[in-house]
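Take these sequences, add in the hints, and give me the full structure.
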Amino acid sequence: MKATQNTLSLTDVCRSYRIGPVTAEVLRGVNLEIGSGDLMSIMGPSGSGKTTLMNIVGLLDRPSSGTHVLDGHDVSGLEDDMLSTLRNEYIGFVFQAFHLLPRLTALENVCLPLVYRGVGRAEAIRRAQAILGRVGMADRSHHQPSQLSGGQKQRVAIARALVGNPVLLLADEPTGALDAETAQEVMALLLQLNAEQGVTILIITHDSSVARQCTRQLRIDDGKLLELPGQDRGADRPPRPLADDGIRDQGAAAP
Amino acid sequence: MSKTLSILGANAREALDSLRKAKLRTVLGLVGIMIGISSVIVMVSLGEIAREQARQSFEALGTDILLVRKSGGTVSGRPAEIGLAEAVAMPEVVLSIADAAPRIMGYGTFRHAGKEIGQGSVQGVTEAFARVNRLSVQEGRFVSDLDIDRHYCVVGAAVAEAMRQAGTEQPVGALIEVEEHLFTVVGVLNPKVESYALPVQIQANDSVFVPITVSKRVSTNPEIDVIIARSRAGVHYETAVSGVRAYFQKQAPSLELAIVTAKELIAQMESQMGIFTLLLGSVGSISLVVGGIGIMNIMLGSVAERRREIAIRRALGARRRDIQSQFLIESVILTMAGGMLGILLGLVVTWGICQYTEWIFLISGMSVGGGLGTASAVGLFFGLQPARQASRLDPIAGLQSGE
Chain A
1053 MKATQNTLSL
1063 TDVCRSYRIG
1073 PVTAEVLRGV
1083 NLEIGSGDLM
1093 SIMGPSGSGK
1103 TTLMNIVGLL
1113 DRPSSGTHVL
1123 DGHDVSGLED
1133 DMLSTLRNEY
1143 IGFVFQAFHL
1153 LPRLTALENV
1163 CLPLVYRGVG
1173 RAEAIRRAQA
1183 ILGRVGMADR
1193 SHHQPSQLSG
1203 GQKQRVAIAR
1213 ALVGNPVLLL
1223 ADEPTGALDA
1233 ETAQEVMALL
1243 LQLNAEQGVT
1253 ILIITHDSSV
1263 ARQCTRQLRI
1273 DDGKLLELPG
1283 QDRGADRPPR
1293 PLADDGIRDQ
1303 GAAAP
Chain B
128 MSKTLSILGA
138 NAREALDSLR
148 KAKLRTVLGL
158 VGIMIGISSV
168 IVMVSLGEIA
178 REQARQSFEA
188 LGTDILLVRK
198 SGGTVSGRPA
208 EIGLAEAVAM
218 PEVVLSIADA
228 APRIMGYGTF
238 RHAGKEIGQG
248 SVQGVTEAFA
258 RVNRLSVQEG
268 RFVSDLDIDR
278 HYCVVGAAVA
288 EAMRQAGTEQ
298 PVGALIEVEE
308 HLFTVVGVLN
318 PKVESYALPV
328 QIQANDSVFV
338 PITVSKRVST
348 NPEIDVIIAR
358 SRAGVHYETA
368 VSGVRAYFQK
378 QAPSLELAIV
388 TAKELIAQME
398 SQMGIFTLLL
408 GSVGSISLVV
418 GGIGIMNIML
428 GSVAERRREI
438 AIRRALGARR
448 RDIQSQFLIE
458 SVILTMAGGM
468 LGILLGLVVT
478 WGICQYTEWI
488 FLISGMSVGG
498 GLGTASAVGL
508 FFGLQPARQA
518 SRLDPIAGLQ
528 SGE
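Residue numbers (this note's numbering), protein chains in the order written: chain A, 1053 to 1307; chain B, 128 to 530.
By construction, these hints were calculated from the structure, which means they are not laboratory data.
Ideal placement from N, C-alpha and C gives every residue a C-beta, glycine not left out.
Heads up, some of the hints might be wrong.
Listed next, the stretches of chain A that the computed footprint assigns to chain B, with coverage defined by at least 3 CB atoms under 8 Å from CB atoms of chain B [to be verified]:
{"hint": "1", "region": "1090-1099"}
{"hint": "2", "region": "1134-1145"}
{"hint": "3", "region": "1150-1163"}
This is how it looks when you write it as C-alpha cells:
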C-alpha cells in the first residue's frame, strides 16, 4: 500500500519564532509522510501549530530545522522564487474563506495558477473550463464570486487548486464557512476527487465529522503530530508507522 | 522569457480591467496626472509657439539683413566712427549689399500745440531706412535724401494719434517740437507690430524720424549707432559680411566693426528660446511631480487594501517579481491614461490661449511624444516603491488578515 516515493515527507521539522527575547517553539519535531493518493486530515485546537504546519507543507513558510522533501525534491533551503515556482506546480490551496479574487470571474480565478506558470491564455481558459466542468461549475464560469453561493465559491476554489495538477491538495478548513448540508456536498466532492482521480488531499480541520471521513487521521497538539489508528473508512488499512516521539507523546497529548 | 512575457500580458490585461472599474480615488489620481501632463504640454507648446512666432517675425524682417555697428575700441588711439558718407555710399561700392540705412539714435520729449504729448526716440535716418525696415507711409511722405538740413520729420502712428488728441486733425503740415527744435511733419507712418525678440528695435510707432543730416547737427550724441543693411538676393551672408569689412577697412582703417547677420541672430534667438521653453517646461513639471506623488499615494493605498489579494496570488505561485510587475504595470497604465487625457487637455488649452492672443497654433511633436514618455516615466518612478512594497508582503499574514 505504501507508495515507492512519498508525495511529501517531513523529518524532524521544528519551527520556532523569536518574539523579542522569547523564542516560541510552534512545531517540535514533526514527522509526516504523505503517500500518493492519500486522503488525510489533521485536527488540532487553535494554537496547536496546525496553521504553521500547513504553511510549511504549502511552502509558504520554512522550517527552522529538519528536512522537507516534496515529490523527491529537498525543499528545505530553497529561495523564495524557487518556492513560489514549486508552490505553483506542486501545491493546490483551498481555504476556509475561499479566497477567490473578487474582481475576477470564476474562470479567471481558475486560470490564475496557469497564468503564473506561463501557460498561454487560450490554453489556460481551455483547461480552466474543463476543470470547472469537473466540479460542476461549468455554467457559472463567467460569474463573479459575489454572485456565487458559499458552496459554489468553494467548488471554484477547488477547481483553481486542481487546475495545475498539483501533487497535493492542501485544504485549510474547507467546510468551515459553510452550513452543514453544503459542507457535506463539498466534502463529498473532495472524497470523489480522491477516490476517482487519485488526488492526494490533506485537510486541516477542527471538525471531527470531516476528519472521520478521511482514510488517515492525524492530530496535532502543542507542536507535535501523531496519527490516530485507522477507523471507519480507514479501518481496513493497516496503521501507519509513526515517529517514535509521536507515539510517546500520545498519552500526554490526548485530552 | 515567454513565461515572463505571458505573465506581463496577463498583468496588463488585468490592470486595464481594473482601470475600467476604477474607483473615485483612481479617477482623482488620473486627473492629477492629467493636469500635470497638460500643464507640461501647455508650457512646452507655448514656448515652441513663442519661438515660432519670433522666427516668423525674423523672416518678415528678412534673412538678408545685416546690422553693422562700431565695436568697442579704436585701433591707433584715434577715435573712429562710422562716417555718414561711407555708410550711404556702401551699396554703390560693395556689390553684395543692396541697400544700407544708417541711423543716429536720440531720445526726447515731444511737444505739440503747447502741450507735452509724449516721449520717444528721435531717429536720424535716410530715405533708405523706410525701405530696409519695411516701414510704410499712411499720409504724406517719408524722409527724403533731398531734405538735407531741413527740419522736416515723419511721425509714427502713436505720435500722430497723440497730436490728434492734442487737437490737430491733420498732423501732416503741423509743427512738432522735439527737445526745443521745431519740425514740420511731412508724413505719418502706418502702425507697425514689432516683436520684442528682434535684435534691432525700431519702435516706429512711438518715434519721430528726421533727416540724418539734421540729427548730425542737433543730436547730443550725433554718432551713427547702426547701419541696417540688406544683402543682394542670392548672396551668401558671409560674402556680404566680408564685403562690408573690406570696404570699411579701406575707408576707415582704424574702425572696428561688429557685424551680425540674420542667420546668426536666428541661431542666437533659437538657443534663447530653447532655454525659455526648458524653463516653462520645468514649471509645468512641478505639477507633474505633484501628480506623481498622488499616484504613489494611490498605489500605496491600493497595496494596503489588496494585501489579501497579493497573498492569494503568492499562494497560487506568483513570484515576488510577478507581484512587482503587476503593480508597476498598473501605475504605468494609470499614468499613461492620465497622460493621454492630459495631452488632449493641454492641446485644447493651448489652442484656447492661441485663439485669445491671436498667436499661431501648432502641435509640437516633441510635447506630445514627450508627454507620453514623461507620463510613463512618472508611473514607473512613483510606482516602483509601492510595487516593491507589495512584492515583499508576507503571504502568511495576508492570508490570515481580516476574515
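Hints the structure violates: just list their numbers, smallest first. Result: hint 1 breaks, nothing else.
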